[in-house]
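Below, each chain spelled out in residue letters.
There are 2 protein chains.
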Amino acid sequence: MVQERIAGSRFVGGVDYKALNEHSVIDFLSPLENASKLLGGTPTTWTVREVGDGNLNLVFIVKGNKGGLVVKQALPYVRMVGESWPLPLDRAYFEHEALKVQTLAAPHLVPKLYHFDTMQAATVMELLEPHIILRKGLIKGIRYPKLAADIADFCALNLFNTSDLGSPAAEKRERQARFSHNITLSKITEDLVFTDPYRLSDMNRWTTPQLDKIAAAFRNDAPLKLAAQELKWMFLSRGEALLHGDLHTGSIMATESNTRVIDPEFAVYGPMGFDLGAFMANLLLAFFAQEGHATKEDNRETYRTWILDTLESFWTLFEEKFLSLWSKGGKGDAFLPTLFNDDTGEVALEAYRHMTMARLFQDAIGFTGAKMARRILGLAHVEDLESIADPDRRALCEKRALTMARALMVGRTSLSTIGDIRDMAETIAKEPVA
Amino acid sequence: MVQERIAGSRFVGGVDYKALNEHSVIDFLSPLENASKLLGGTPTTWTVREVGDGNLNLVFIVKGNKGGLVVKQALPYVRMVGESWPLPLDRAYFEHEALKVQTLAAPHLVPKLYHFDTMQAATVMELLEPHIILRKGLIKGIRYPKLAADIADFCALNLFNTSDLGSPAAEKRERQARFSHNITLSKITEDLVFTDPYRLSDMNRWTTPQLDKIAAAFRNDAPLKLAAQELKWMFLSRGEALLHGDLHTGSIMATESNTRVIDPEFAVYGPMGFDLGAFMANLLLAFFAQEGHATKEDNRETYRTWILDTLESFWTLFEEKFLSLWSKGGKGDAFLPTLFNDDTGEVALEAYRHMTMARLFQDAIGFTGAKMARRILGLAHVEDLESIADPDRRALCEKRALTMARALMVGRTSLSTIGDIRDMAETIAKEPVA
Numbered sequence: 002m003v004q005e006r007i008a009g010s011r012f013v014g015g016v017d018y019k020a021l022n023e024h025s026v027i028d029f030l031s032p033l034e035n036a037s038k039l040l041g042g043t044p045t046t047w048t049v050r051e052v053g054d055g056n057l058n059l060v061f062i063v064k065g066n067k068g069g070l071v072v073k074q075a076l077p078y079v080r081m082v083g084e085s086w087p088l089p090l091d092r093a094y095f096e097h098e099a100l101k102v103q104t105l106a107a108p109h110l111v112p113k114l115y116h117f118d119t120m121q122a123a124t125v126m127e128l129l130e131p132h133i134i135l136r137k138g139l140i141k142g143i144r145y146p147k148l149a150a151d152i153a154d155f156c157a158l159n160l161f162n163t164s165d166l167g168s169p170a171a172e173k174r175e176r177q178a179r180f181s182h183n184i185t186l187s188k189i190t191e192d193l194v195f196t197d198p199y200r201l202s203d204m205n206r207w208t209t210p211q212l213d214k215i216a217a218a219f220r221n222d223a224p225l226k227l228a229a230q231e232l233k234w235m236f237l238s239r240g241e242a243l244l245h246g247d248l249h250t251g252s253i254m255a256t257e258s259n260t261r262v263i264d265p266e267f268a269v270y271g272p273m274g275f276d277l278g279a280f281m282a283n284l285l286l287a288f289f290a291q292e293g294h295a296t297k298e299d300n301r302e303t304y305r306t307w308i309l310d311t312l313e314s315f316w317t318l319f320e321e322k323f324l325s326l327w328s329k330g331g332k333g334d335a336f337l338p339t340l341f342n343d344d345t346g347e348v349a350l351e352a353y354r355h356m357t358m359a360r361l362f363q364d365a366i367g368f369t370g371a372k373m374a375r376r377i378l379g380l381a382h383v384e385d386l387e388s389i390a391d392p393d394r395r396a397l398c399e400k401r402a403l404t405m406a407r408a409l410m411v412g413r414t415s416l417s418t419i420g421d422i423r424d425m426a427e428t429i430a431k432e433p434v435a
Numbered sequence: 002m003v004q005e006r007i008a009g010s011r012f013v014g015g016v017d018y019k020a021l022n023e024h025s026v027i028d029f030l031s032p033l034e035n036a037s038k039l040l041g042g043t044p045t046t047w048t049v050r051e052v053g054d055g056n057l058n059l060v061f062i063v064k065g066n067k068g069g070l071v072v073k074q075a076l077p078y079v080r081m082v083g084e085s086w087p088l089p090l091d092r093a094y095f096e097h098e099a100l101k102v103q104t105l106a107a108p109h110l111v112p113k114l115y116h117f118d119t120m121q122a123a124t125v126m127e128l129l130e131p132h133i134i135l136r137k138g139l140i141k142g143i144r145y146p147k148l149a150a151d152i153a154d155f156c157a158l159n160l161f162n163t164s165d166l167g168s169p170a171a172e173k174r175e176r177q178a179r180f181s182h183n184i185t186l187s188k189i190t191e192d193l194v195f196t197d198p199y200r201l202s203d204m205n206r207w208t209t210p211q212l213d214k215i216a217a218a219f220r221n222d223a224p225l226k227l228a229a230q231e232l233k234w235m236f237l238s239r240g241e242a243l244l245h246g247d248l249h250t251g252s253i254m255a256t257e258s259n260t261r262v263i264d265p266e267f268a269v270y271g272p273m274g275f276d277l278g279a280f281m282a283n284l285l286l287a288f289f290a291q292e293g294h295a296t297k298e299d300n301r302e303t304y305r306t307w308i309l310d311t312l313e314s315f316w317t318l319f320e321e322k323f324l325s326l327w328s329k330g331g332k333g334d335a336f337l338p339t340l341f342n343d344d345t346g347e348v349a350l351e352a353y354r355h356m357t358m359a360r361l362f363q364d365a366i367g368f369t370g371a372k373m374a375r376r377i378l379g380l381a382h383v384e385d386l387e388s389i390a391d392p393d394r395r396a397l398c399e400k401r402a403l404t405m406a407r408a409l410m411v412g413r414t415s416l417s418t419i420g421d422i423r424d425m426a427e428t429i430a431k432e433p434v435a
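Those sequence lines, one after another, are chains A and B. Quick note, the first sequence lines up with residues 2 to 435 if you use our numbering. Quick note, the second sequence lines up with residues 2 to 435 if you use our numbering.
Treat the hints with care, since some could be wrong.
Identical copies go unnamed one by one, so any copy, or any two together, can satisfy a pair.
[Claimed, not checked] Computed cross-link-like contacts, DMTMM-like style, restricted to lysine to aspartate or glutamate with a CA-CA straight-line distance of at most 20 angstroms:
(1) 188 x 203
(2) 67 x 154
(3) 188 x 172
(4) 322 x 347
(5) 400 x 387
(6) 332 x 192
None of these hints come from the bench; they were simulated from the model. Predicted, not measured: the structure shown is a model, and the values here were computed from it.
Bound conformation, chain A alone (with noise of 0.2 angstroms):
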């Protein structure tokens, strides 16, 4: 029984593995009956395109005459280093697991499961059309009214429903051993968020010279890297909920009207201000970086408002659909409903609901910070910064979101609001940069 419960991802990349290509993707589905049934026509007929533009994995658009869907297999290696940093397989189980998990909490805001091989860690999932990825539309200055109640929603669903409050004691337990198998995955965060971008590190890389500096400054701050290794610490032993572990704009398909959360391959128990935090970590980035994309005719000050209003909405949606779900009352072990059941136990346990959120603001504007900082000091950077041209116009938004980083690790426990991470964004984004 015990084994069971894991044995799905033992068998992940079997001996048969073999990555696929155009052609051999094909052969993959045909067998396959609801994939034939959902592209129509005949296998010949189908058209394939590879797009992948991730860091880990091969994406398949394959289409038929009645419709289409993507085919997502794991790579044994990172794909943007080369074959000299393996990785294993069991990903795509790990990730095939957290959606499902995902899907029974939010099935509106995550793709559709179709299929899913072990042999070769491959998922085939529904096409999601006409979506963007997000990080893209942010780049290009369009608005989604409905993105800070969806991913607020997603949050608030999947982090609610998977801890102590939302799932009884026995589920949760065997959740989180499930997920605590993947090691690897978690290892990446650990080094490359919370410690690399405070050392020397081959992999580091940042817009130089005109960061040296402050990069140089990080890595002998003692209260920032403090601050880094206390979340590192709670990202490591805080198992309050699944984690998507990687909720960044990258991993967000939108169109105007609908949103979709992907790729959860580092799903993992952990703290919940986690994703919270990578998700406005990410609008933050894309905030300072709209000075670098401001041209003659659009200065891009409303969008940036824009963005501002979407990461106030954001936070304050979150707070008050956890809040609902807490209120209605979980499957959880924690917090018991029926023990508060008089007015006075009302009282106070809707006074510690507050406090809870309090409590949890101040991690995720934590983790928002460390989110921050990596992508501009370390290994991974995002296009939103990295498509500003110029490399001065580009430090300059980077020395700006350097700054609001630190602030947010050091001076977490001292803000209380949203309203003041949004003045701090506003107010940096004003001042002169050295």
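Got chain A; can you put chain B on it based on the hints?
Same frame as chain A, but now just chain B:
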């Protein structure tokens, strides 16, 4: 690979499982070479005594002409309740696994392991002689000069080594996954320690009618119930270290010069403060029980002082030892020492270490309170108090202990030194009781 990590627990108590008796335990041992060697002579000369006075297991002491050993076998139900409360046999697996981990961290403070039999859910281990259960020693008024230092070492070594300070993330995540499957025994803790004492439950009992009023007050005390549930949430979600999980004075065997910790079948990853609180709670219960054991010849005044001296030394030595392990640098991924290699870094980290201990102290005293209350209002009581025959006299001790329990749980964030705790115990012990 992933599968093999926990495969050990799968076959515990297989089809051929049979509760051992004083005869069959000889047949069980005789094929084991190391056991035979240890005991000496032929199996027909071995003597057996069943001594299990705990709640869940059979314990046989087997002796030969050369030496002795212990066979501990899990029963498929709670012994003190009967077959109506079934319990999974795989707890023997978790106990043995925990003993192996503890043997690596602190071999001198646990019994030697000789053999584990998966099918029979039985462990063969060192016979501790002339040790007695510490709780019985505390009732008798025996002083243990090494106790504080030994349990401080046991806690510091085990909690540090299995935490993210002492274990690399890959090792810790695997270990946490393994012990996360110890679901049923964890659930007993969750219910009996953190929930039942604060609600009506058929399993609760207390000295009645003397404690009826205070028991009702506990069930209607909103701040106290919030504290209990907050501690429960911590127990459920903070995987800081591998806990012993049941570190009361009945899980310690001692002579005046030697101390061993036994029975880690509740082992699970959880907050470090839980183990520390368990031990401190049971010292405080012993302290408040002394008044019930006082006689004309011995008013137990100096012994009570010794118990509080032990409590104070325990925390002081634990803190010292934990800080010294941390200062030397662990193998863990949190707070990598290399990040703080310069002068300001070292100073800042040292300050942070002390802040961490201050937080841990507050966690620990919160759990202390919870572990005291559950032994007076919940299902499982302690002999320290139960052995006070006069119910009025017992109730007096219990009321004082409950007063302290509540003060620790609700006031934990405003208490900061072990001296405060000692003073509180001394004050409460002198106050008149309603």
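What hint numbers does the structure not satisfy? 2
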